[in-house]
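Peer 1: If you're matching them up, the sequences are chains V and Z in order.
According to my numbering, the first sequence is numbered sequentially starting from 1.
According to my numbering, the second sequence is numbered sequentially starting from 1.
Since the list gives no way to pick out one identical chain from another, each pair is judged satisfied if it fits inside one copy or across any two copies.
Pairs of lysine to any residue, SDA-like flavour, derived with a Cα cap of 20 Å:
no.: 1; residue 1: K2; residue 2: V168
no.: 2; residue 1: K2; residue 2: R158
no.: 3; residue 1: K27; residue 2: S86
no.: 4; residue 1: K186; residue 2: D91
no.: 5; residue 1: K88; residue 2: V24
no.: 6; residue 1: K2; residue 2: A100
no.: 7; residue 1: K2; residue 2: S149
no.: 8; residue 1: K2; residue 2: L167
no.: 9; residue 1: K189; residue 2: G83
no.: 10; residue 1: K88; residue 2: D23
By construction, these hints were calculated from the structure, which means they are not laboratory data.
Only a predicted model underlies this, so the values are computations on that prediction, with no experimental measurement involved.
Protein chains: 2
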Amino acid sequence: MKISLGPQTFLSPVPVMLVGTFDVDRKPNVMAAAWGGLCSSQPPCLAVSVRRSTWTHRALLERGAFTVSLPTRAQAGMADFIGLVSGKAEDKFAALGLTASAGEHVDAPYVAECPVVLELLLRHTLELGSHTQFVGEIMDVKVNRDCLSPDGLPDPVRVDALHYAPLVNEYCALGDFVARAFAVGKTVKRQS
Amino acid sequence: MKISLGPQTFLSPVPVMLVGTFDVDRKPNVMAAAWGGLCSSQPPCLAVSVRRSTWTHRALLERGAFTVSLPTRAQAGMADFIGLVSGKAEDKFAALGLTASAGEHVDAPYVAECPVVLELLLRHTLELGSHTQFVGEIMDVKVNRDCLSPDGLPDPVRVDALHYAPLVNEYCALGDFVARAFAVGKTVKRQS
Chain V
1 MKISLGPQTF
11 LSPVPVMLVG
21 TFDVDRKPNV
31 MAAAWGGLCS
41 SQPPCLAVSV
51 RRSTWTHRAL
61 LERGAFTVSL
71 PTRAQAGMAD
81 FIGLVSGKAE
91 DKFAALGLTA
101 SAGEHVDAPY
111 VAECPVVLEL
121 LLRHTLELGS
131 HTQFVGEIMD
141 VKVNRDCLSP
151 DGLPDPVRVD
161 ALHYAPLVNE
171 YCALGDFVAR
181 AFAVGKTVKR
191 QS
Chain Z
1 MKISLGPQTF
11 LSPVPVMLVG
21 TFDVDRKPNV
31 MAAAWGGLCS
41 SQPPCLAVSV
51 RRSTWTHRAL
61 LERGAFTVSL
71 PTRAQAGMAD
81 FIGLVSGKAE
91 DKFAALGLTA
101 SAGEHVDAPY
111 VAECPVVLEL
121 LLRHTLELGS
131 HTQFVGEIMD
141 VKVNRDCLSP
151 DGLPDPVRVD
161 ALHYAPLVNE
171 YCALGDFVAR
181 AFAVGKTVKR
191 QS
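So here's chain V without its partners, still in its complex pose:
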């Protein structure tokens, strides 16, 4: 039995993305965003939606570059602080004792303490009402060495990123391996 909740912003899971930019004075800033995701394979692109009222919105348009740093379970308080405070009012890197590392490929800073960082060049903007969607081309993915699998790929359990649960407003952890993609479906028995 399904209950209709009406037109709500719900999906599960939703990522917790710390969006890093240099502002007009080249001061590093970072905001928290949960509306977004990967959106293209070739070129690899990620979309993130940002309200026009934010300090980051202006920086994104002016610099045309941003980073996405992924906080871990242990960094939930830090991520939430970043979501609560405006970069116009306060230097969040300084307030939290975080390291603003300059991107290697793009003119934007990232949170060095996060285990995964994406560097992006702005390619498209799309106005969507409350939010502007910024599509960035991923120029590099940087991962802490201890979060890599033996194959050198980012292991989701070792990365230990958060997800945000909309409507209930919770940060939650990610769980364990369930099945191999592009493989487990081959074992499903057809019913017709």
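Got chain V; can you put chain Z on it based on the hints?
Peer 2: Chain Z in isolation, oriented as in the chain V frame:
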């Protein structure tokens, strides 16, 4: 120490979305998509990216409507099958013994066996290289009654959705509550 992986499609977590459409002959079809996410609050919108070669791509443009059904941990095999087989070649609902329920608000079918379903009207398309991004306005969110919190909101632990880990190609489960959003950040001690 961070290792550069280059321009890769990586983010964590990434959702597993089953995108339902009626094709030209009004046959229900469903595909698996992982590139996408919420993208606006007012109006509530979700974006999903689809390759032009898919059967769903044509149906999305022709019908202007789609659904997103969220599979659970127990439905990983079903979700992967849906990702491996084209709706041009086979009726995936019939093959898997799934129920194609017609949307209440939009002209698209959903997977009744999934605990969460979104109904969407197509509002924007954006060409991004390998994928077209389809932005839909969320007209309704339907949730199984036993997945709701006491407050009547979707509880991420009860919904038990999957996430897809790119590059390692794994389906993984979601984990437990970590902290309250818009709250835990207020307890963080400023360092400056």
